[in-house]
Amino acid sequence: MNIRLFSRLLIVAGFFLAVGCASSGKVEEINAEDPHEGFNRSMHGFNEKVDTYVSSPLVTSYQWLTPSLLRTSVANFFTNLKEPRTVLNDALQGKEKPAGEDLERFVINTLFGFGGFIDVASHADIEYHQEDFSQTLAVWGVPRGQYLVLPVLGPSSYRGVPGKIADAASSPVSYAIWPIQVLDLLNERSNAEQSLKFIDEAAVDPYIFMRASYLQWRDHQISEGENSAEDLLLPELDDAFDEEELELLEEDLDIKL
Amino acid sequence: MVSLKKLITVFFLLFTMQNVCAGIEETEQASQVVQGFQAELINVMQQGDKLTFEQRFEQLKPVVLKSHNLAKITRIVVSKEWKKLTLEQKKALVQKFSTLSIASYAHYFNSFSGQSFRVESVKQLSPGQIYVHTYLILPDDKDVSMDYLLKKKGDDWRIINIITNGVSDLALKRSEYVAVLKKSGFDVLLAEISAKIDKFSK
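Chains A and B, in that order, give the protein sequences. My numbering numbers the first residue of the first sequence as 960 and each following residue consecutively. My numbering numbers the first residue of the second sequence as 1001 and each following residue consecutively.
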């Protein structure tokens, strides 16, 4: 994403956050897990509207106009373009083997995959890794800080903001002409289609669903697949259950659609 | 004559071995529960084109009920709010949540394109809890990590949580359900769950 555009979005977010904090005269209960919930929910609502009225129609047109094979090639191209950033983050995190594999992926796909349009490396079973500057900051011990929803960009955190700035600054797409940047945004939104559909289908409260799943997923990425004990072993698992009551409830089950 | 020291050593070894064997037997039982459930999912997926949503739901219902501890999962996802519910509300919630769980399986596991499951490891986390680490193998995509936490119920092991690519279903639902209960109340939560079931069935 264009750095200037990104900086403007951050300024807008900062302005809303400051206004939100200053103007809330009445005392509201602050959720310790998510102290910016009021602001975040507003941004979540704003992003949903942007998605409904701008992004989604554009992506529908993009998907209608382009064959699936072309969309896959475009996705491959942008993934490949961001591989050097992945290699850099691998190196900054001291991950030698993934750095080697990602560099190999970039060279192979650029040379033999027509500039990255064909993902030859995956066919050669060279593993793809997802690394970014937020993950690097986490590996360096920078705490996550509070959860934040950024305008247009979506879920993030205090640590995620400098991470995203560094990601934008190190992405070649940021320095490309605007049609390439628009195509990158369309491609990213198109790739997120299934996840958004899943949230729409499964979430009882989409904001909380997004927050809880985003934070857990990022922890999972940072810890290289180790599931957080906090999410896995909920304190409720050790509650004193009324087993008789639960047995009774299960016996009475009459499940019909 | 066998010395007392040797006798104690033999007794200790037998005792340790018995415990180890019991542990292995328990992890094996828990793993079998997960594998049996996954085999049925694959079976339903393979029949995907021939079955309607309702038929997939009916086919999966006994398997999910047998392998999951749905009453306990419901109890956990509403956390401390459980104590505030009447018995009738608890019944209604367990029923609705169980329907939602089966409906979501019937909705998402609806077609087959060569997917399979692989058990990677099984470990006992504590005397009553076993963790089964598996992968959903997708032919043209990266494998999906799908882990199961099982708790003992009587002599059987039942699934209590599913962790997909690091996202714990129990933690996710607990965050959502507790928030809705606190903010909007029981009837709204039940209505929201019903709306999700409707969405899955379409």
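If you're looking for bench data, these hints aren't it; they were derived computationally from the structure. Treat the hints with care, since some could be wrong.
Using 25 Å as the maximum straight-line C-alpha spacing, the simulated DSS-like pairs for lysine-lysine come out as follows [as the list claims (entries may be wrong)]:
#, chain 1, residue 1, chain 2, residue 2
1, B, K1196, A, K1215
2, A, K1041, B, K1142
3, B, K1080, B, K1091
4, A, K1156, B, K1091
5, A, K1215, B, K1183
6, A, K1215, B, K1066
7, B, K1066, B, K1123
8, B, K1183, B, K1084
9, B, K1202, A, K1156
10, B, K1091, B, K1182
11, B, K1199, B, K1080
12, A, K1054, A, K1156
13, B, K1183, A, K1008
14, B, K1142, A, K1054
15, B, K1196, B, K1080
16, A, K1008, B, K1066
17, A, K1215, B, K1202
18, B, K1091, A, K1215
19, A, K1215, B, K1050
20, B, K1090, A, K1215
21, A, K1156, B, K1096
22, B, K1083, B, K1202
23, B, K1183, B, K1196
24, A, K1056, B, K1142
25, B, K1096, A, K1008
26, B, K1050, B, K1202
27, B, K1096, A, K1215
28, B, K1083, A, K1156
29, B, K1199, B, K1083
30, B, K1199, A, K1156
Determine which of the earlier numbered hints do not hold for this structure and return their numbers in increasing order.
Of the numbered hints, 4, 5, 11, 12, 16, 22, 25, 28 and 29 do not hold.
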